[in-house]
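> Assembling the complex is the task here: the two chains are given apart, and the hints tell you how they should meet.
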Amino acid sequence: MAGGWIGKLLRVDLTKGTWAYEPLNMKDANDYVGCRGLGTKIFCDECDPKVDPLSPENKLIFLTGPLTGTGATSGGRYEVVAKAPLTGTIGAANSGGRFGPEIKFAGIDGIIFEGKAEKPVYLYINDDHIELRDAAHLWGKDCHETTDMLVEECGKFEVACIGPTGERQMLYSAIMNDKNRAAGRGGLGAVMGSKNLKAVAIRGTGGVKVARPEGFIREASKARAMLQAHPVAGSGLAALGTQVLMNLINEVGGLPVNNARVGSVFDRADDISGERLADTYLVKNQGCFGCTIACGRVTKIPDDSPYAGFGEGPEYEAGWSFGADCGVDDLAAVCKANFICNEYGFDPITLGSTIACAMELYEMGAIPEEDVGFPLRFGDADTVVKLAEMTGKGEGFGKMIGLGSYRMADHYGHPELSMSVKKQEMPGYDGRAIQGIALEYATSNRGGCHVRGYMISPEVLGLPIKTDPLVTEGKPELLKTFQDLTALCDSTGICLFTTFGMGLPEIAGQYREAVGSDESDEEILLKGERIWNLEKRFNIEAGVEKDTLPPRLLREKLPNGPAKGKVAELHEMLGKYYEVRGWNQDGEPTEEKLHELSLE
Amino acid sequence: MAKQLAVDPKRCVACRSCELWCSFRHNEVFNPRLSRVSVFNFEASAVTVPVMCLQCDESACVKVCPTGALERRADGVVVHDDDKCIVCKMCVNACPLGNISYSPITKSVFKCDLCEGDPWCVKYCPTGAITLVDPDEVPDKKLAVAVSFKETMEEA
Chain A
249 MAGGWIGKLL
259 RVDLTKGTWA
269 YEPLNMKDAN
279 DYVGCRGLGT
289 KIFCDECDPK
299 VDPLSPENKL
309 IFLTGPLTGT
319 GATSGGRYEV
329 VAKAPLTGTI
339 GAANSGGRFG
349 PEIKFAGIDG
359 IIFEGKAEKP
369 VYLYINDDHI
379 ELRDAAHLWG
389 KDCHETTDML
399 VEECGKFEVA
409 CIGPTGERQM
419 LYSAIMNDKN
429 RAAGRGGLGA
439 VMGSKNLKAV
449 AIRGTGGVKV
459 ARPEGFIREA
469 SKARAMLQAH
479 PVAGSGLAAL
489 GTQVLMNLIN
499 EVGGLPVNNA
509 RVGSVFDRAD
519 DISGERLADT
529 YLVKNQGCFG
539 CTIACGRVTK
549 IPDDSPYAGF
559 GEGPEYEAGW
569 SFGADCGVDD
579 LAAVCKANFI
589 CNEYGFDPIT
599 LGSTIACAME
609 LYEMGAIPEE
619 DVGFPLRFGD
629 ADTVVKLAEM
639 TGKGEGFGKM
649 IGLGSYRMAD
659 HYGHPELSMS
669 VKKQEMPGYD
679 GRAIQGIALE
689 YATSNRGGCH
699 VRGYMISPEV
709 LGLPIKTDPL
719 VTEGKPELLK
729 TFQDLTALCD
739 STGICLFTTF
749 GMGLPEIAGQ
759 YREAVGSDES
769 DEEILLKGER
779 IWNLEKRFNI
789 EAGVEKDTLP
799 PRLLREKLPN
809 GPAKGKVAEL
819 HEMLGKYYEV
829 RGWNQDGEPT
839 EEKLHELSLE
Chain B
196 MAKQLAVDPK
206 RCVACRSCEL
216 WCSFRHNEVF
226 NPRLSRVSVF
236 NFEASAVTVP
246 VMCLQCDESA
256 CVKVCPTGAL
266 ERRADGVVVH
276 DDDKCIVCKM
286 CVNACPLGNI
296 SYSPITKSVF
306 KCDLCEGDPW
316 CVKYCPTGAI
326 TLVDPDEVPD
336 KKLAVAVSFK
346 ETMEEA
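Those protein sequences? They're chains A and B, same order as listed.
With the first letter of the first sequence counted as 1, position 52 gets the number 300 in our numbering; the numbers rise by one all the way through.
With the first letter of the second sequence counted as 1, position 118 gets the number 313 in our numbering; the numbers rise by one all the way through.
Just chain B, same shape as in the assembly (with noise of 0.2 Å):
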């Protein structure tokens, strides 16, 4: 099972350090327009939420490319291969989250693959607003729903 990113916009502090440094990981150059991941502020709402490829297992990518450029890895991460992809940009339409991204600058097309297991949106966000998790590990999340519910009925 792939591990996935999720994202704590209440911990996000809009600073887009995720930007910077995926596309420095991937292409050698501090350019937010070849990030990988991309943070949008809600101005109004102070609102600021980082959105990124989550691994779908019904990979919409996947399913149109043409020539098998996106393929899913045995580790579940869904990998482009630049050497097969044709630039016919199907990909990045079909994705329902808008994930798949195309640049003008290098006239390719590019997407998240998790940094071979160390993503590096998640090793230089300051306040733990991305992490890395195992999708069996998000009843956590519920977990703390039910703590919080506990201490709810106690102070009741």
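Same shape as in the complex, but just chain A (with noise of 0.2 Å):
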């Protein structure tokens, strides 16, 4: 067996309740790296890309890549890939924690699952005794109570469940593992509970090899310590989180204000930022599996707050979904809100962005009171937290705000006021003032999404050089090697933030000792480049609606801060960025591209 890899993937027919092992692709493997590439490889192999997502013909993918549960810089990374139900694009979601590496230590390399279970069920894995278990005591329960039944009841395991708004099949729903982490846009919670399938509880004894054990101690060895000398992944994510973002982006007038509708500079950041944080309710900062970053937040509201609540978060998009995007400036009310999707188990961005389109709509009167309630209002942290319990538990208008923005706004007449790309909220980052992240959202392969090419890096970062955000000229460019080499990144089971201190050379360095290939650096970030096309084919075969951007953004000047006057110029960016990527004007893929990418 190649290293790496175990060589074995677990099937599981959730209707007929039986399961089987069966052999990895190494092809596949190969040519699509792992995680995020070969789970869409074998999802697009299996499934017909108009499948409906919530039905037992869409399948359920968790897998793992090369990289997961070795010790590769921060390589403790798993995918989770279906068709998602917010979006109808290709739904892939990455996350952390210790549940990825636990998949291969119980000797697969990842989960198939088909079908729909007759009653709510989970997979139990105890290295190769398999079992599907009724779930009836644990649906219902919340992602912490599972997690915590689960270990008691199976001893010292791994979860990944979903909660509530999972099984009620929440449109954008999460998968949540250790509690916090979470595989967490798009809902593929929903899909998980459409199949009646609450959780995945995994233990095992085994382990990962890899195919040069010499080189792979040389390139992880050297890759760790340029992260741990890097200012933003050795300190500055340990010291502050993620929330370390807050001060800058608002600096360069780009963090989006009351749904965006009043600018994007927030006059009181720097109370809801990293820095404000940790010098209030953070208790502690904790890695996933393997990690030298350490950016996970434990937190911890005091019990005499009304906000009294113990958990992690926020990160970065949640501080500002809750609090910037909300108007809201009461840090511990936005940790709260946080809490209350990691225990219903759902998405942050999208909640807080819907929160924040409604309280728009409501303040234009597009929204009735007697539909709420109560009155929504920007500004009123109370308002977040009441409705980020409504939604999570689906009561009264939190049914409304369970839909998403898009959704919503549409069905009060004004789906343009619904800050979203293909239905997925933009997370937050004002594409008015940094545009080259407003280029990302319009050709995210899952909708608004920042974490599928990160412009902020070169935008307002300087890593791995400086542009200038409010240029438009070469980002297309720079974005289509960010996506690449993202796609490659996610695929491989490291963790997308090592890409703040170091780049291609380290990642390849990595894969290619534990894979055992000879590939140079290019021939392994073209392997990004083919997952990036595989999923916008599938896209476009799903039916996808075509890539643009909200009105505001192209529309409505920013009032003020840096980038004043500047809307996101995607007309200058768009056409030349289908240029680069080898696609027609229409942004298909050609058939020549398809054809260097081996994909026809």
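A portion of the hints provided could be inaccurate.
To be verified - Capping the alpha-carbon separation at 20 Å, the derived lysine-lysine pairs in PhoX-like fashion look like this:
id: 1; chain 1: A; residue 1: Lys532; chain 2: B; residue 2: Lys205
id: 2; chain 1: B; residue 1: Lys258; chain 2: B; residue 2: Lys306
id: 3; chain 1: B; residue 1: Lys284; chain 2: B; residue 2: Lys198
id: 4; chain 1: A; residue 1: Lys548; chain 2: B; residue 2: Lys205
id: 5; chain 1: B; residue 1: Lys279; chain 2: A; residue 2: Lys470
id: 6; chain 1: B; residue 1: Lys318; chain 2: B; residue 2: Lys279
id: 7; chain 1: A; residue 1: Lys264; chain 2: A; residue 2: Lys367
id: 8; chain 1: B; residue 1: Lys198; chain 2: B; residue 2: Lys337
id: 9; chain 1: A; residue 1: Lys404; chain 2: A; residue 2: Lys264
Everything labelled a hint here was simulated from the structure, so no lab data went into it.
Structural data, given as structure tokens:
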């Protein structure tokens, strides 16, 4: 067996209640790397792009990469792949924690779920002892309760599960592992819920080997040293978490406020920043499995606060979505809303952005107060927490919030006020102030998303090079490279955050030594491009809408800040981007390109 | 005098890099269950503690071993000899700290050997939560306490 892999997949037929091992296709593993890439390849080979995401015919794939569970830099990731119910695109969501490596230690590279169980079940894996067990007692429990109950029942197992939102098939419910880690976006929790699959509890005693141990030690040690010496990857993220971004993004005028209606400078950004969190509610930072970065926040809101609680988060995106985007400056409330998302198992980016959209619709009179039962005003921290809770429970107006901003705004006659792309909400960077991220949002293969080629690195952080965020020139070329590199990075099983401090040579170097490849860096990066094109082709066949942005970003000029007067100049970039990608001007990969990537 | 491993739970971020690299150093496989060091995470209090052999001066494992498979070397490190071991697991039971392990996978007993003076749990710990210290230097801790006491007195 090639290094890095176990060489075996577990296929579970939930309809029949049966399971079987099968060999991993090593040619596909080589061509599509692992995790996101290989998961998508398996999915595309087995599923109709037109499949209803919440039908038994949709498959749900949990897959590791060749570096998952090894000593590679932050090599603790796994991917969940299915057709996403929120967007109708390919859904691939990446998560850390301890669950991914445990899949490998249990002697498999991944699990393919098909069909639908008659009653709620969970999958028990203890090395090669595998059972589909009754989950009636877990149904209705939140993610933390479910995890605790399964650890009590099974022993020292790692758990991935859905909460009540996934059970209800809410369109942006997540799959949560190790309580607070999420395969978060696109609604993959709903896919799991539609299959009556409550959880996977896994434990293994095996290990992962690499093809060339000496070389692997050399490459992994070199990459780790680079990360540890880096100001962002080595110390910034450990000290402040991803919330380190709050003040930085605000300084470039790219922090969307009040559903991006009043511009993107938040005068109280510091009150919800990573610095403020470190001074107040941060208990400790923690890392995922094998991670040197350790950006995770363990936070506690004191018992005498109306928002008392203990958990993890917030990340920058949740800090922004519940904070600036709702006009809220109360960090305790932001933390609380994030805890609710972790417990009920749903995506805080989409939730916060949907609440912000509802606030705008309410203030303009499009949502009548009787629909909600109370006023929805920007800046009201209580409302944000209350709506998070109602949405988690599926009560009252929470049902409407649970549709996501696009479907909710459409219901009230204003789909244009949903700050989403392909029905998935954009994260906390205004594309008018940061042009490359606008192009990234428009072209992302899973709808509005920041982790499909993180343009904030070159446009704001200056990593690896500083570019002007207001300029469009050069962005299509840069974005293509970032997208391909991200597809590669995600697919190896290491964390995308490593790319703050290292690049292609370090990813490719560790990959080569793990699997025993002699391919060049460029040949390995080409796999990332292949993955990107495969995803794009799936989306075209699925009938996903064209690449564009909400009209607010395209037409409403930013009223303030360093980017005052700017709109997202998508038209200046999109055609060039398609050209750089080798696609036609409708945004479709050409025959030549598909041939070049062996995708025909 | 043998050097020994010291842990600082405040610095530990629960990443378990030590477990991964320990198993790789000794077995050429990444497998936490073959690691000589184990990390315990107490979630509710957000405290994480790596635990490993401290090379006790009065080693119960050495005393109880019926075949001389466990021996203290001249440098003070207690080492385990697979060839002499009959895998009776008396040492596993005798260690008051639980730092001798038995693997059902390799069907053998294993313990920390300080990686011949360059422990990989130390080398690959990203935060310095595990360090290799000379017991003679432990009074540094006392000094640190004294310094903080002095500062408190100055403020008072």
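> Work down the list of hints and note, for each, if the structure agrees.
Taking the hints in turn, this is what the structure says about them:
1. A:Lys532 / B:Lys205: Roughly 9 Å between the alpha carbons, so the hint for lysine 532 of chain A and lysine 205 of chain B holds.
2. B:Lys258 / B:Lys306: This hinted pair holds, its Cα atoms lying about 15 Å apart.
3. B:Lys284 / B:Lys198: 26 Å, violated
4. A:Lys548 / B:Lys205: 17 Å, holds
5. B:Lys279 / A:Lys470: 38 Å, violated
6. B:Lys318 / B:Lys279: Since the Cα atoms of lysine 318 of chain B and lysine 279 of chain B sit roughly 30 Å apart, the hinted pair is violated (cutoff 20 Å).
7. A:Lys264 / A:Lys367: 12 Å, holds
8. B:Lys198 / B:Lys337: Holds, at roughly 18 Å.
9. A:Lys404 / A:Lys264: Violated, because 28 Å separates the two Cα atoms, which is more than 20 Å.
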